[in-house]
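Since chain U is already given, all that's left is putting chains L, X and Y on it; use the hints.
Take a look at the letters that make up each chain.
Number of protein chains: 4
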Amino acid sequence: MEHIKLGIIGAGRIGKLHAENLKNLPQVKIKAISDLFADTIKDWAASCGIENVSKDYQSIIQDEEIDAILICSPTDTHISIIKEAAEAGKHIFCEKPISFNLQETAEIVELVQNHGVKFQTGFNRRFDHNMSRVQELVRAGKIGDPHLLKITSRDPAPPHPDYIPSSGGLFIDMAIHDFDLARFMMDSDVVEVYAQGAVLIDQAFAKHNDVDTATISLRFANGALGVIDNSRKAHYYDQRVEVFGSEGCLNIQNDFPNSAELYTSEGVFKDKPLYFFLERYNNAYIKEIEAFVDAIVANNLVPVTANDGYQAELIAHAAKLSLKENRPVALKELAAL
Amino acid sequence: MEHIKLGIIGAGRIGKLHAENLKNLPQVKIKAISDLFADTIKDWAASCGIENVSKDYQSIIQDEEIDAILICSPTDTHISIIKEAAEAGKHIFCEKPISFNLQETAEIVELVQNHGVKFQTGFNRRFDHNMSRVQELVRAGKIGDPHLLKITSRDPAPPHPDYIPSSGGLFIDMAIHDFDLARFMMDSDVVEVYAQGAVLIDQAFAKHNDVDTATISLRFANGALGVIDNSRKAHYYDQRVEVFGSEGCLNIQNDFPNSAELYTSEGVFKDKPLYFFLERYNNAYIKEIEAFVDAIVANNLVPVTANDGYQAELIAHAAKLSLKENRPVALKELAAL
Amino acid sequence: MEHIKLGIIGAGRIGKLHAENLKNLPQVKIKAISDLFADTIKDWAASCGIENVSKDYQSIIQDEEIDAILICSPTDTHISIIKEAAEAGKHIFCEKPISFNLQETAEIVELVQNHGVKFQTGFNRRFDHNMSRVQELVRAGKIGDPHLLKITSRDPAPPHPDYIPSSGGLFIDMAIHDFDLARFMMDSDVVEVYAQGAVLIDQAFAKHNDVDTATISLRFANGALGVIDNSRKAHYYDQRVEVFGSEGCLNIQNDFPNSAELYTSEGVFKDKPLYFFLERYNNAYIKEIEAFVDAIVANNLVPVTANDGYQAELIAHAAKLSLKENRPVALKELAAL
Amino acid sequence: MEHIKLGIIGAGRIGKLHAENLKNLPQVKIKAISDLFADTIKDWAASCGIENVSKDYQSIIQDEEIDAILICSPTDTHISIIKEAAEAGKHIFCEKPISFNLQETAEIVELVQNHGVKFQTGFNRRFDHNMSRVQELVRAGKIGDPHLLKITSRDPAPPHPDYIPSSGGLFIDMAIHDFDLARFMMDSDVVEVYAQGAVLIDQAFAKHNDVDTATISLRFANGALGVIDNSRKAHYYDQRVEVFGSEGCLNIQNDFPNSAELYTSEGVFKDKPLYFFLERYNNAYIKEIEAFVDAIVANNLVPVTANDGYQAELIAHAAKLSLKENRPVALKELAAL
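Chains as they are written, first to last, in this note's numbering: chain U, 3 to 339; chain L, 3 to 339; chain X, 3 to 339; chain Y, 3 to 339.
Be a bit skeptical, because a hint or two may be false.
Pairs count within a copy or across copies, as identical chains cannot be separated in the list.
With a cut-off of at most 27 Å between alpha-carbon atoms, the simulated DSSO-like pairs for lysine-lysine come out as follows [unchecked claim]:
hint, residue 1, residue 2
1, 7, 144
2, 272, 144
3, 120, 18
4, 289, 334
In case anyone wonders, no lab produced these hints; they're calculated from the structure.
Just chain U, same shape as in the assembly:
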């Protein structure tokens, strides 16, 4: 298999981003894209060299020439699309979270295994130049045995209030990336979670039973401990990780648009870090989708599995329960696999 043919379901911000990254890969052809607002994307699709644009995603799944499907539609459509695609024998790349329902996600993990299709979950941060370098050095033993993990993950500004009720809440919408990163960095599953939350930015979150600020304590299967802190409003994208171990400590800083420093009689000034995920994780998205394509072309394992998606959701659901009942929650209380 030298060239592979792809179909994309959902042409929102993230679907378009993947399409534009894919068009620079010589071993790939995007054959079709579907979107509820298919009419509005025709010019854009043409400029990407995509032949077929439709409202109907099923025509893509039924296209025998298509090897793999990217699922970039809203979360509540994922399960049925995945089922149809897996049954049609398509490889699947699915944005996070796989679903809002842990039992349904667990079924997907088994389903894709049974159908023997590749399934990659869209945890792009694993492919970031900073994150992947830290993980690589941890895995190389540079800090000895991991003891502590610290993740800071803060968005620049809250989402539109209309989005909040359908978001799944801070843990499933936002911190889920941190939960995946935690497992990635520590090479160990999480066994217990304790979450604190607060509404300090916008009462709209309180109205929908959500929080905008949180800290999450993690206990890993390997005995290590972790802490995550989240905020919906940091004025820039704050994405930092630290892994501390028996022999040392690894950390990363945010990325900046430039390194210029201005020294004056008033002090030292520099530009703030990159604003949001499109700027910060631009290269990570490229590497993520290349990895998916490479796994198909070379018939290798995908780097982020359906189970990785499930495990992060499991932590998120446990964090939600912990917050609700104000107690540490063992993951086995909720586990569906």
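Below, chains L, X and Y without anything else, positioned relative to chain U:
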């Protein structure tokens, strides 16, 4: 009052350190020092210009010329010394913790108030150039309303195993500084604590029912959240703080012995941060004791009160209970004041 | 003019780089490319969507559909190609230096003006995210009046010895970028130069009357002073600039592949800066060529003119003379315009 | 010799600074100090434990108990004091420059050798924690053979205009420290100098035939090259050094009062570097004078010799001549030794 006369009880590492800092203050005379091993410190005391060296601390308390007492003896001797000193009308500087017993510490808070003597608790980190600058900028409103606090506090190497059983445990021996710093930075009391702990460095901690690695989640009276992480073995002194709020974020890095960076074909290298508290907090100890002296000379309020000592101990006891019962603990469950 | 058609002369490393950047610009079509080794680039050209590949550059110049020419062939071919292209009314983008002969370059400055074609010199560093941010802040008056300029510019490894005799020497081959940057940062011409040189890396440079290590002192028309230092072997690409003025100082650091820092008992380690110009100036090349295309599409001034090319060469020739005669050289001694 | 007795000549800012540092050294007793305004320093001298305060420096030199003299009086008094002290067999610490006259300084180099007294020149920067760490790593071969040296040395604000005519000019008053640092870092003498200067800050410098802004190119005996840049007005003390060699590069940053960084929607802010030499070189002054005392107590070589003072002055005089005649000046043109 132009010159004040001081007595020091306990001439271990910290007692000597205070003596050497005090000898550079023109408005102070150290009249006497007591220590169980008085014989071994005579030459040193002479070089500091200290006239009287004795085994017996009570002669110091009874000396009518002495205005103030520094208590640098082991924690289990603090309560009785404080009581005698307060009754003798002496001002008191006492190393942390005030005691291992929350009820006894609470009594001291009331006692020193009733006797009208000044009482400063030895939380030196408040006087660190980095810590105090962050607090100053937080207080000046530079980050708006505080939302999140992060403290990393790691010792370079574990204490001698013999010290562990008498230490009071990680929370009371070590994290107590972080609990005080948390209140100092946020200008708010802590209302709830959840602690995770692990023995990852040395089983000697397990033998004494202690931990060597911990994370602590805090909830503050003002609604903000916090996380602390501790380790007994970081190979250098890792002391960092971050305060995040509605308008921005403040953080500090560790101090380094120099700023030299070596760039080679292998990478970039620099010396690790300062090794331990004597190096890192050298200036903080000087400013701490100057502040105590100034408060007496100018009859001002001390910058760190007996209640500050009590509040930090209260958090430490709550963290210990939280770890034991694996649940969040509201501070009012334990409060003795 | 909505779409413009381009021809590229020379398909070496830099010619290919421009072609690959141009293929992502929707307003551009690369119609033809020529190279002495045309046979070897056919597949690559096809993958870039370039129709015509020839050995003969003149067919490109004579193609009436082609609006603009990129000259990426060896320096000694530039003059005749530029003349033919200008006479054919093509806009021109030319890699640096325009020529090895100051008089000839001066003639080009007049020629392109007389023919009314746009001519952009390939000084890519002006488009670097760091360099352009510094220049922008200098121009905005953030450091007041510029007083001092410092440029460090060091290659990772010397060129192949075979390249040295045809390179034009360190000042024309390498430091010419720094001379352009100097004028760009200071918004002022250079009036006097003093150069020191040495052969410290490889005697191959001495054999060809060249140096591998140099420092250059500059005096600007606005009264400010500058210093440049160059080396052919820094093990990574070291490209830093500092502009100091009456009200402050601006500087930039090198770019790094990631921000990971490893702290151990031995010290602190991070990866070295990006290796060479393809890594460091990747984005600058994209912006440079976009700026050329935009100038044509919108009929604007190009951001780097033929005179900018001439001025940098003038400084380079003066530096060469200064080194030879070990004396400061006033640029008016050499000026051909 | 266990205790040594010192006399200090000159109780201006620097004389007092040395006295206060010396009073913390147990192996030293400052027996006497002289100053033209002896009356005004009596209280201060008493607080330092100095017995004798006089207008007359000769009484100090004639005091047989005194082992060593610190010369902290104006430069034009140095030569005669040094001669008298050397003849009296006193060891000498002398502030820089030794004199304004190269021939006279050369005579001092021989004189102190002939009298067998120790003579340390006051180049405090060699003792700075950053500078000494770089030199140590250079000497340990970490960058291979040194190829390039860069020194940035800028004062926060110009001296009082009245001081300018008696200062000796920028090269002798200010850059002389950089000239010594250059030799210290490179472990090689300077053989040629080229200086550029400008008056960009205050016309008072022009009035006295001086400059306020300069760059200096150096050629070392070992073949390496160097550049220094100076300004009289940087709003803070800017003192940075870089040494580049065959295997790597070492550099240092300025020291800051704290490491606090404030991130807001506007950018990132931190406090500017330490203001001037008293803040920045506080520890260097302590180590400098300890080294002098140690050399006497242990009968070791002093770390900065009279010849080091002479060599730095030689470079300064050459730079002055270079600026006047706008040409590179070989040091052997001026050499008096």
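For each hint, the structure was consulted:
1. 7 - 144: neither (41 Å within a copy, 53 Å between copies)
2. 272 - 144: between (32 Å within a copy, 12 Å between copies)
3. 120 - 18: within (22 Å within a copy, 36 Å between copies)
4. 289 - 334: neither (33 Å within a copy, 51 Å between copies)
In this structure, the hints that do not hold are numbers 1 and 4, in rising order.
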